[in-house]
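Given chain A, put chain B in place with the hints provided.
Number of protein chains: 2
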Amino acid sequence: MTNKTFVFGHKNPDTDSIVSSIAFSYLRNKLGDTTEACRLGNTNKETDYALKTFNFDAPTLITSVNEGDNVILVDHNEATQSVDNIEKAHVRMVVDHHTMNFKCPETLYYHAEPLGCTATILYKLYKQNDVEVEPNMAGLLLSAIISDTLLFKSPTCTEEDRTIAQKLAEIANVDINTYGLNLLKAGTDLSDYTPEQVINIDSKLFEQNGKKFKIAQVNTADVNDIFKNQAYFEAAIDKEIKNDNLDLYVFAATDILNANSKIITMGTKSNVVEKAFGVSLDHNTATLENVVSRKKQILPNILNNLD
Amino acid sequence: MTNKTFVFGHKNPDTDSIVSSIAFSYLRNKLGDTTEACRLGNTNKETDYALKTFNFDAPTLITSVNEGDNVILVDHNEATQSVDNIEKAHVRMVVDHHTMNFKCPETLYYHAEPLGCTATILYKLYKQNDVEVEPNMAGLLLSAIISDTLLFKSPTCTEEDRTIAQKLAEIANVDINTYGLNLLKAGTDLSDYTPEQVINIDSKLFEQNGKKFKIAQVNTADVNDIFKNQAYFEAAIDKEIKNDNLDLYVFAATDILNANSKIITMGTKSNVVEKAFGVSLDHNTATLENVVSRKKQILPNILNNLD
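The listed protein sequences derive, respectively, from chains A and B. Per our numbering, the very first residue in the first sequence carries number 369; after that it's consecutive. Per our numbering, the very first residue in the second sequence carries number 369; after that it's consecutive.
None of these hints come from the bench; they were simulated from the model. There may be inaccurate statements among the hints.
Identical chains share a label here; the pair holds if one copy fits it or two copies do between them.
Claimed, not checked - Distance condition first, Cα-Cα at most 30 Å in a straight line; then the derived DSS-like pairs of lysine-lysine:
#1 K663 <-> K471
#2 K456 <-> K643
#3 K664 <-> K596
#4 K553 <-> K456
#5 K553 <-> K663
#6 K521 <-> K471
#7 K607 <-> K664
#8 K372 <-> K664
#9 K456 <-> K637
#10 K643 <-> K398
#11 K492 <-> K630
#12 K492 <-> K521
#13 K398 <-> K492
#14 K579 <-> K398
This is chain A alone, in the form it adopts within the complex (with noise of 0.2 Å):
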């Protein structure tokens, strides 16, 4: 039996989840703790191109936590984006940059900072404990920074998470435009992918007042080439609130060229997302103008319209 802490990032996992796993876990060992980085799901294309540029593997897969097993949250703080378990789990650490909705029975370590990226807090806890920030793990850094903002577009991005950025990408030497486009676009190829598949590849689970909803998103350098498949989207999201039982569904394609997004919105509170963000509704549909943030944009409209 190991003592051994795992490491992990919000299910679904997204670049800045898997980043943070493996550089977090890097950094514990590094101070003498005994970490293993994990993921809670399969990685997507972009952060795979960003493994491989810079030379990692992804962490392992794990599904579910024991009873009594040490974990460290990156990325996430909330149980119902957490390991299957977690309740059971107990938890070290939470390194994060999301809304907090947390309690703990225990005094334990949480670092939160209003920043675009748990990868810009990393950095800063790197340098804060005097561990060297080597050029492979400075280039997976900046991917997780330039994929969280959309490479600087989204309104979560701060002045910080573009300083930072721009020392990991003097540490990684690799221009960070060039790089940029090339890790988002990698991350918008969704030919292999069946609708089904597409909402799943981010997408994360609310509840507020006993309403349940989702949000999934993806970037797209193309937004025709998805909404010609409307109809299949549309039968995957009805299925998908049908299983989980949910009052709303929000799938956003985002466009990383112009920064706004397209969405399909389904379920019994639809009119919310009208309400939210001052749009009608067409065939389920609508475009989100300067709309690229989940976290910024797209979840706090929905809560603050929500009943």
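Chain B only, in chain A's frame:
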């Protein structure tokens, strides 16, 4: 209309709450922020001794905040322990060492560590930001660590609290044991207080599953001196129970020399205390051997046994 941010610790402030509001406000202002150290109640004699020794004024007294006020919480995170109207304020940051019961619709800076004292975390934040800890500030931070750890005797005290206290003592140029005992003894002078006042020197309200309870604690070098007035204390506690609709009240007189606590327990849920500590109450009282910490010993045992 100023944009100043109010920095404060919990209600019924102890030395750590007062010291942390002063020390974190100073640090934030050094970093270009505009903040003011505040307190939510009167300072106790122990805190007064520390403030006088190291030449600080008590922070500004506030009892409520207005809609949209910017606030920073130190040494607490639960709304029940915070300023009145906290739900209307904008919480920018939290620096704490307690268990978390915090929900916030926005992303904020939240830094908690499982250490004995908020002041220990603050020392690390000064270092991290390259802000010098001057001798008087060092003495103040040291006072908070001595207070919260009962001169390192509490099970909440970690190796890091000890190490940092040592560094602070060197900067402040004081002998830890001599100053520490003087500080703790200053806090045990209850001669000016009525029993009503004594139980409110350091009292915290908790809730679990709709059950409300308070745990009050005072340090003493002479337990018998307190218990000769037991009937008055019981009357004061009874009044609190009725006024606040409490299910349980625990008043702990903690012996700073022998490191144990004699308690008075009242309320319909008094049996929880018997179960929690394996003791039989004798005229509402019991002695809890080796129990000195509300946070690490009294509170979790009650929470675990309260149904």
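K492 and K630: within-copy, between-copy, both or neither at 30 Å Cα: neither (35 Å within a copy, 46 Å between copies)
Within, between, both or neither: K456, K637 at alpha-carbon 30 Å: between (33 Å within a copy, 28 Å between copies)
K643 and K398: within-copy, between-copy, both or neither at 30 Å Cα: For K643 and K398, the Cα distance exceeds 30 Å both inside one copy (49 Å) and across copies (43 Å).
30 Å Cα threshold - placement of K471 relative to K521: between (33 Å within a copy, 28 Å between copies)
Homo-oligomer pair classification [K492, K398; C-alpha up to 30 Å]: The answer is both: 15 Å in one copy and 19 Å across copies each meet 30 Å.
Alpha-carbon proximity between K372 and K664, which holds within one copy, between copies, both or neither at 30 Å: between (35 Å within a copy, 25 Å between copies)
Within, between, both or neither, where K553 and K456 count as close if Cα-Cα is 30 Å or less: neither (39 Å within a copy, 43 Å between copies)
Identical-chain pair category, K456 with K643, by Cα at 30 Å: Result: close only across copies, 24 Å inter versus 39 Å intra.
K607 and K664: within-copy, between-copy, both or neither at 30 Å Cα: within (27 Å within a copy, 47 Å between copies)
Intra/inter-copy verdict for K664 and K596 if alpha-carbon distance must be at most 30 Å: Within one copy, since 28 Å is at most 30 Å while 59 Å is not.
30 Å Cα threshold - placement of K521 relative to K492: within (22 Å within a copy, 34 Å between copies)
30 Å Cα threshold - placement of K398 relative to K579: neither (43 Å within a copy, 44 Å between copies)
Hint violations for this structure: numbers 4, 10, 11, 14, all remaining hints satisfied.
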